Amino acid sequence: MNPLSSQIASIVGTSYLIDDLADYPAYAVQGRIPILVVAPGSVEELAHVVAAAHAAGMAVIPRGGGTMQAWGRPPAGDFMIVQTTRLSRVRIYEPDDLTISVEAGMTMQDLDALLAVHGQMLPLDVPLPARSTIGGVLSTAMDGPRRLGYGTSRDLLIGVQVVEATGRSSKAGGMVVKNVSGFDMMKLYTGSLGSLAIIVSANFKLLPRPRAAATIACTFNTPADAFALVAAIHASQLTPVAVEYLQKDEGGRMKDEASMSAVISLIPHPSSFILCVRAEGLPAAVERHIRDVAEMAERAGSSRMSVLRDEDHMAVWAAINDLPQTFSVADDELLLRLGCLPSDLERALADASALASRQGIALAVAARALSGIAYLRVRGGDEGLRHQFHADLLARWPQLAILAGPPALMAEAPIWGASVPNLALMQRIKQEFDPDNRLNPGRYVV
Amino acid sequence: MDRTNLVEELRRIVGPRGVVDDPHALMTYDADGCVMDTGIPQVVVLPTSTAQVSGVVRLAARYGLPVVPRGAGTGLTGGATAMFGGIVISTARMDKVLEVDTRNGRVLCQPGVINFDLSQQLKPYGYQFAPDPSSQKACTVGGNIANNSGGPHCLKYGITASHVYGVELVLGDGTVLWSGDGSPAGPGYDLTGVIVGSEGTIGLVTAVWLKITRLPEAVRVVLALFPDIAGASTAVSQVIASGLLPSALEMMDRLVIKAVNDMYKLGLPDSAGAALLIEVDGVEDGLDDLLNDVTAMCWRNGAIDVRPARTLAEQNQVWAARKNAFGAMGRLSPTYYLVDTVVPRTRLPYTMEQVGRISREYDLPIANVFHAGDGNLHPIILFDRRAKGQNQRALEAATSVMHVSIEQGGVISGEHGIGVEKQEYMTLLFSTDDLAAMAGLHQSFDPQDVFNPGKIFPKGRGCGELAALRKAGVAWATLK
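Residue numbers (this note's numbering), protein chains in the order written: chain L, 1 to 446; chain G, 447 to 926.
Incorrect hints may have been included.
To be verified - Subject to a maximum C-alpha distance of 27 Å in a straight line, what follows is the list of computed DSS-like cross-link-like pairs (lysine-lysine): (1) Lys-769(G) / Lys-171(L); (2) Lys-542(G) / Lys-171(L); (3) Lys-205(L) / Lys-905(G); (4) Lys-657(G) / Lys-205(L); (5) Lys-205(L) / Lys-171(L); (6) Lys-602(G) / Lys-657(G); (7) Lys-769(G) / Lys-542(G).
Claimed, not checked - Facing chain G, from chain L, some residues (calculated, C-beta under 10 Å): (8) Val-90; (9) Gly-151; (10) Ser-169; (11) Pro-208; (12) Thr-326; (13) Ser-328; (14) Val-329; (15) Ala-330; (16) Asn-437; (17) Arg-438; (18) Pro-441; (19) Tyr-444.
Read the hints as simulated data drawn from the structure, not as lab findings. Note that the structure is predicted; figures quoted are calculated from it, not measured. Each residue gets a CB set at the ideal place from its N, CA and C atoms; glycine is no exception.
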């Protein structure tokens with residue numbers, strides 16, 4: 001054991017310091033093997049571990065369930081992994097307050113199970129909720145289909161505790177749903193990809209679980225028809241909580257794509273273009289949504305319309321939520337995220353489809369149709385064709401990120417989009433919070 | 447400093463009508479809605495464009511003068527007060543709605559647009575701007591952004607931060623940036639998110655893409671009267687637990703009921719100790735059933751009267767009483783001190799009891815109107831500032847309320863901000879480490895402390911000092 005290892009073992013105990021090299025490949029980040037993997041058992045331990053790493057000049061990569069470690073560039077230089085999964089306690093939960101404080105290593109599934117007992121929910125849909133942790137969901141700001149109805153983590157996070165690069169701990173916000181006491185540090189840490197501080201606990205506002213819910217799945221022969229329904233829903237006074245556009249690969253070349261197959265298997269008479277509308281609320285209001293969406297779908301030229309309830313409803317959304325997962329990505333696959341104004345989404349996806357078919361590569365899409373976000377799974381062809389696809393699409397749609405791909409591409413391509421606006425200011429922020437560049441070095445925009 | 451030259455140069459930037467330098471006129475800018483702290487600026491400018499704001503900020507830097515942004519001046523914490531003099535930049539003439547884009551659910555406007563006017567302009571499109579602070583007929587969207595304003599409807603629709611897609615910001619060196627435009631998931635840190643609520647201390651917002659919200663198809667309002675706050679509070683918990691979040695849950699106590707009754711002729715019984723206003727909205731279907739459920743819950747919890755307001759006219763009357771409650775306070779006393787604090791919902795009844803105790807202890811009546819669904823209290827301490835000692839007693843009573851709130855797990859401001867009024871309370875809630883992290887964020891934007899100096903951070907621990915200590919890695923324990 002080297003001095004840092006023994007020091008860290010004295011903080012967390014030897015059983016929580018993984019130093020068997022045989023276990024390390026499972027913790028590799030973009031193909032790079034960590035020097036150490038540590039799993040602290042408390043916020044205090046985590047702070048001591050980070051302080052020790054800082055003193056030793058060692059970089060730290062925070063890790064929750066590891067489902068989104070594919071994001072970002074390969075780490076620069078040697079690093080150790082600080083795993084948060086042992087920080088999984090509930091700190092404060094008074095159901096009638098409709099708020100909760102939990103440690104960052106708790107999985108989204110465990111949190112949901114706890115809230116379900118009290119008829120409440122944190123409506124953040126994430127891929128692979130059995131593994132995804134709260135800390136990971138916050139630091140990536142991963143969104144889900146129900147962002148339309150309930151917002152994203154930035155709207156639901158009301159308080160946070162972090163451990164900064166030096167091991168110092170600080171907090172912001174509180175346990176109340178409305179709070180303007182001091183700067184909104186929650187917004188700073190959300191989506192910062194662990195590059196400013198490690199989120200160790202989070203407070204959320206919660207919502208009562210809806211009394212009723214259902215899905216209306218509409219299939220279409222063309223994307224244009226599907227987007228005609230999107231426009232009709234947007235113009236109406238309906239309040240669906242999710243409107244998800246799905247496009248499977250037309251050539252059927254992504255047969256082993258488990259999540260899309262799961263979605264398709266639940267929808268009677270599927271076609272290549274599907275719009276899933278999720279309604280939640282009062283029973284009568286949900287029925288009204290089914291009625292109105294069905295009528296609008298027919299006018300838009302939908303070939304089939306089916307209503308999913310209960311288990312089918314839950315199952316289809318679980319599968320849809322998993323579509324943008326980056327945990328298991330094939331060697332010949334890229335996962336891209338495209339952001340644009342909602343009114344441009346149809347055009348952006350048409351560009352992507354045309355490019356894919358010209359280059360003979362497979363493309364599957366899951367898009368938050370009214371929010372202007374699309375996740376594209378690109379597969380097949382040769383490496384050169386896939387990279388060309390990315391480059392060509394990026395030239396037209398600058399907000400195109402690569403969330404998962406081969407390490408060589410992640411190291412060299414502009415993975416966060418054509419440009420990063422306000423980069424100088426972001427560098428000043430990084431300089432203030434992590435001047436020695438110890439947290440997730442090299443992986444995010446600064 | 448050569449003031450004549452400064453004024454001359456400012457006139458060249460914003461035109462002769464855009465500069466206020468008459469000493470008497472400047473007096474009217476010595477405070478915002480918080481009259482306890484005052485400061486007179488050297489000069490007030492009223493630019494009409496981003497380029498003019500940038501020019502003024504550059505000039506201020508050259509003269510070494512602070513810049514204090516000001517919207518309508520309705521803030522309640524001294525956020526728009528020039529504590530150290532300097533140049534006040536008023537956004538009053540930057541009041542244009544520039545583009546309504548319903549396809550993308552957004553509107554582009556200047557910061558001086560009045561909150562209520564914006565919603566009025568969006569109405570023909572079938573949209574609204576959801577944040578609706580009580581001062582909405584006067585306050586500006588720029589001020590809403592600075593303070594991350596709330597309002598009754600943020601219970602369902604969220605606070606201002608959830609309704610801002612991006613801002614154009616002038617930094618301390620006069621450079622201009624845009625933080626977003628309504629297309630999601632831009633790379634990098636959430637600059638929009640940290641600019642909102644920064645109380646004009648890191649830059650000046652000169653244009654903004656706001657999220658607009660579709661008007662609901664149907665709305666129902668119930669006014670329920672209870673003998674006391676406790677019964678009304680239980681009803682609130684049950685309504686929320688029943689599975690649908692109302693769009694507003696507002697409460698008024700006996701004193702407020704009396705004041706608004708006199709003013710708006712609501713004919714409410716004197717025996718009512720609490721009035722609870724419940725609003726639900728959404729599609730028409732099911733809303734009447736929900737209204738019946740809510741009504742039944744009120745009766746079950748000892749309501750003495752429950753009045754559903756189905757027509758728009760009835761609803762407007764009920765809402766007018768709530769939104770103008772602060773104005774009605776003039777019927778009860780010559781001056782009042784409005785306190786803003788939030789506690790976890792379940793702590794509301796106990797906290798209200800303690801507010802009653804504080805009222806008796808300091809021998810000052812306290813009226814209460816609050817956002818019950820959010821746990822956001824607004825005790826209104828009634829006093830006469832001409833009467834000997836009352837000013838001081840009112841301040842002490844407010845501090846007592848703040849201590850009770852924090853002891854109950856609450857915070858020092860829910861929607862009004864910190865400004866000058868509450869900067870000394872910050873240490874009750876935050877450690878030096880917490881404040882230092884905030885200072886670090888502040889320094890990244892405004893290292894020269896150009897904008898609105900002397901706000902938010904406690905007086906004894908300036909922002910620059912905190913950030914410097916943090917950088918030097920000083921052991922905090924020795925400072926606390």
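Hints, one by one, checked against the model:
| no. | hint | in the structure |
| --- | --- | --- |
| 1 | Lys-769(G) / Lys-171(L) | violated, 34 Å |
| 2 | Lys-542(G) / Lys-171(L) | violated, 39 Å |
| 3 | Lys-205(L) / Lys-905(G) | violated, 32 Å |
| 4 | Lys-657(G) / Lys-205(L) | holds, 21 Å |
| 5 | Lys-205(L) / Lys-171(L) | holds, 17 Å |
| 6 | Lys-602(G) / Lys-657(G) | holds, 15 Å |
| 7 | Lys-769(G) / Lys-542(G) | holds, 25 Å |
| 8 | Val-90 | violated, 15 Å |
| 9 | Gly-151 | holds, 6 Å |
| 10 | Ser-169 | holds, 7 Å |
| 11 | Pro-208 | holds, 5 Å |
| 12 | Thr-326 | violated, 15 Å |
| 13 | Ser-328 | violated, 23 Å |
| 14 | Val-329 | violated, 19 Å |
| 15 | Ala-330 | violated, 24 Å |
| 16 | Asn-437 | violated, 15 Å |
| 17 | Arg-438 | violated, 13 Å |
| 18 | Pro-441 | violated, 16 Å |
| 19 | Tyr-444 | holds, 8 Å |
Checked against the numbered hints above, the structure breaks hints 1, 2, 3, 8, 12, 13, 14, 15, 16, 17 and 18 and satisfies the rest.
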